[in-house]
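Asks: Chains as they are written, first to last, in my numbering: chain W, 64 to 353; chain Z, 20 to 197.
If you're looking for bench data, these hints aren't it; they were derived computationally from the structure.
C-beta: ideal position from N, C-alpha, C; glycine also.
You may find that some hints are simply not true.
Short derived list, chain Z residues pointing at chain W, Cβ under 7 Å [said to hold, decoys possible]:
#1 Leu24
#2 Pro49
#3 Ile56
#4 Leu67
#5 Ile74
#6 Cys85
#7 Lys86
#8 Gln89
#9 Ala90
#10 Arg136
#11 Gly178
#12 Gln181
#13 Leu188
Here are the simulated DMTMM-like cross-link-like pairs (lysine to aspartate or glutamate), alpha carbons at most 20 Å apart as the crow flies [claimed, not checked]:
#14 Z:Lys190 x W:Asp162
#15 Z:Lys43 x W:Glu257
#16 Z:Lys43 x W:Glu233
#17 W:Lys172 x Z:Glu187
#18 W:Lys181 x W:Glu257
#19 W:Lys161 x Z:Glu30
Looking from chain Z toward chain W, a few residues come up when the C-beta cut is under 7 Å (computed) [claimed, not checked]:
#20 Val176
#21 Ser177
#22 Val182
#23 Glu184
#24 Leu185
#25 His189
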Amino acid sequence: MVESVGYYPGCSLHTSAREYDYSSRAVLKALGVVTREIPDWNCCGASSGHSRDHTLSYALPLRNLIQAEEVASDLLVPCAACYSTLRVTEEYLAGGSKDARILQGKVEKVMGKPYQQKVKTVHPLDLLTRPEMLQKIKAGLKRRLTGMKVAPYYGCLLVRPEVAAFDDQEQPQKMDVLLREMGAEVVRWSYKTECCGGSLGVTQGDAASPLVDRLVAEAKKAGAMALVTACPLCQANLEGRQSQIMPVFYFTELVGLALGIPDSSEWLRGHLVDTKSALDQLEGVISLGR
Amino acid sequence: MTDFLDYLETESGQPISRCFQCKKCSGGCPVSSYSDIKAHQAVRLGQLGREEELISAPLVWYCIGCKTCQARCPNGIDISAILDVIKGQVLASGGMPGKPLPAFHESFLASVNRHGRVYELGMVIGYKWRVKRWTEDKELGLKMFAKGKLSLLPHRVSGRRQVRELFELHKVRGEING
Ligand code: SF4
Ligand code: SF4
Ligand code: SF4
Ligand code: SF4
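One chain only, chain W, in its complex shape (with noise of 0.2 Å):
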C-alpha cells in the first residue's frame, strides 16, 4: 500500500507540461497518495546526456536518486524520457559492474552523501493500474467518460528499453485498461509504441511533422477523437507539430476529470489544440442524464 511517494517533476512539468504536474498531482491526491518532490532535483539529462558521455548520462539521473532517498522508497516520475532514464540508471547500479561501482564512488563523493541503492523509480500510469488503485479509481468515479472515442499512445520510452517496460513492450495495455474502466471507448490501432519523432521535434521540423501526422491520422482512421498520452514530450510534439486537429490529452487529465476534481476544466485549458470537439461529446452524454 503505497502512501508517501518522491515526485520528480523534471523540467517539462514545471514549464511546458504544467497541466501534467497539476493533473498527477491532484489525482494522486484524490487517490490518497502523499506526493512529496525531491529535494533541489536537477534536470536528468535524458538523450542529450548520452550523446556526450557515459559517465555523464548516469551521474546526472544518480544525484535525483540520491536526493529521493531523503524522501520516499517509491519515485514517481511522469515524464517518461525522465522516467526511462532514472529507471536504467537504477538498473545500471544496481547491477553492481566495476564501471557502475567506480561511477557510485565518484557521485557519493561530488555529493558527500551515500547511494544506498533503496529507492525504485516508477511511472505514474505502472501506478495507477495497480490493482488497488484501479479499485479506489472505480470507487471514486463521478462521471463516466461513456462516448469518448480515445487512442491510448505510449511512445517509445515507456516500453523501451526492457529494463523500463512495465507493460508489454509490442502490446501494452494498461492505459487500455485504465481508460476502460473510466467509461471511455478505447479504439484498436497499431501504433501505439510507434515512435513521435521525441527532439527531432525542435531542430528537424521536416522529419517530425510526417510522424506526428501519421500517427494522427492513424488514430483518426480507428475512430478515435483524442490521443491520450502519458508523456509531456509525446504530447508537445503531437499537439503542436500536426497539421489536424485532435486534441491530445495526458491520462491524468481524463483521471482527473473522471474523478470529478474541480480544477480539471483548468489544466485542459493550457492545450494548444482546443480539448472542447472531444469533451463536447462528453458533456451532451451528461446532460443526457446516462
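Guided by the hints, dock chain Z with the ligands onto chain W, whose structure is given.
Replies: The following block gives chain Z with the ligands in isolation, referenced to the frame of chain W:
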C-alpha cells in the same frame, strides 16, 4: 577485428560483431526513411571499421534513442548506444558547429550545466543562435509562449555547483571503495 570496432563495442557495450544484417532494426526505425543510411547499415559500417563514413552519417544525429531497434534485434543490439559514442566523439572534438542536431544537444547540455535544469527559453535561444535559424518555428514558439508554455526565468538548482562537478566527472580518475 578492427581497432575501431573494438573501441565501438567497448564504449557502447553492444555486441556489434554479432549483427548478421537481418535488417529488422531498420524496419522499425522511425527515422530511417529520413536519413541517408539506415540503422543496419550503421552497424555494418561499425563492423567494417569504416569510422569516417559513420562519423559523417546524418543518421547519427537523426536517431532519437527510441530503442525500437533494440527491442526488435535478435541480438539485442541498441543502435542508439553505438551512435551515442559517435556523437560524444564529435561533440568532444567541437566539430560540426551550426549543424542543427549537434547544436541542439550542445544548447541543452549548456543549459543543464549552467542552471542545473533546462531553462527552456534560454535553450531555444541558444539553439537558434547556434544554427542561426530565428524565424523558423516562431509561430509555434509564440503560441506556446502565449499559453505560458515557455518559461522566461531560469530555474536554478541550488546544488548547481554539484551539477557542474558531475559534468567534469569523466575527467576524474575513479577507484572502487568498500
Ligand atoms: S529529460 Fe527532459 S523533462 Fe526530463 S528533466 Fe531533462 S529536460 Fe526535463
Ligand atoms: S516523445 Fe516520442 S521519442 Fe519521446 S518518448 Fe514520446 S514517443 Fe518516444
Ligand atoms: S536487427 Fe540486429 S542483427 Fe538485425 S541488422 Fe539490425 S542490428 Fe543487425
Ligand atoms: S534508437 Fe535510433 S536507430 Fe534505433 S530505432 Fe530508434 S531512431 Fe532508429
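Asks: It remains to establish, for every hint, whether it holds in the given structure.
Replies: Each hint tested on the structure:
1. Leu24: Since chain W brings no Cβ nearer than about 18 Å to Leu24 (chain Z), farther than 7 Å, the hint is violated.
2. Pro49: Pro49 (chain Z) check passes; min Cβ-Cβ to chain W is 4 Å, inside 7 Å.
3. Ile56: 15 Å, violated
4. Leu67: 23 Å, violated
5. Ile74: 13 Å, violated
6. Cys85: 4 Å, holds
7. Lys86: 4 Å, holds
8. Gln89: This hint holds: Gln89 (chain Z) lies near chain W, its Cβ roughly 6 Å from the closest one there, short of 7 Å.
9. Ala90: Hint on Ala90 (chain Z): holds, closest Cβ of chain W at ~5 Å, below 7 Å.
10. Arg136: This hint holds: Arg136 (chain Z) lies near chain W, its Cβ roughly 5 Å from the closest one there, short of 7 Å.
11. Gly178: 5 Å, holds
12. Gln181: Hint holds; Gln181 (chain Z) Cβ to chain W Cβ min 5 Å, cut 7 Å.
13. Leu188: 5 Å, holds
14. Z:Lys190 x W:Asp162: 14 Å, holds
15. Z:Lys43 x W:Glu257: 15 Å, holds
16. Z:Lys43 x W:Glu233: 14 Å, holds
17. W:Lys172 x Z:Glu187: 13 Å, holds
18. W:Lys181 x W:Glu257: 33 Å, violated
19. W:Lys161 x Z:Glu30: This hinted pair holds, its Cα atoms lying about 14 Å apart.
20. Val176: Check passed: Cβ of Val176 (chain Z) comes within 5 Å of chain W, closer than 7 Å.
21. Ser177: The hint holds - Ser177 (chain Z) has a Cβ within 7 Å of chain W, the shortest such distance being about 5 Å.
22. Val182: 5 Å, holds
23. Glu184: 5 Å, holds
24. Leu185: 4 Å, holds
25. His189: 4 Å, holds
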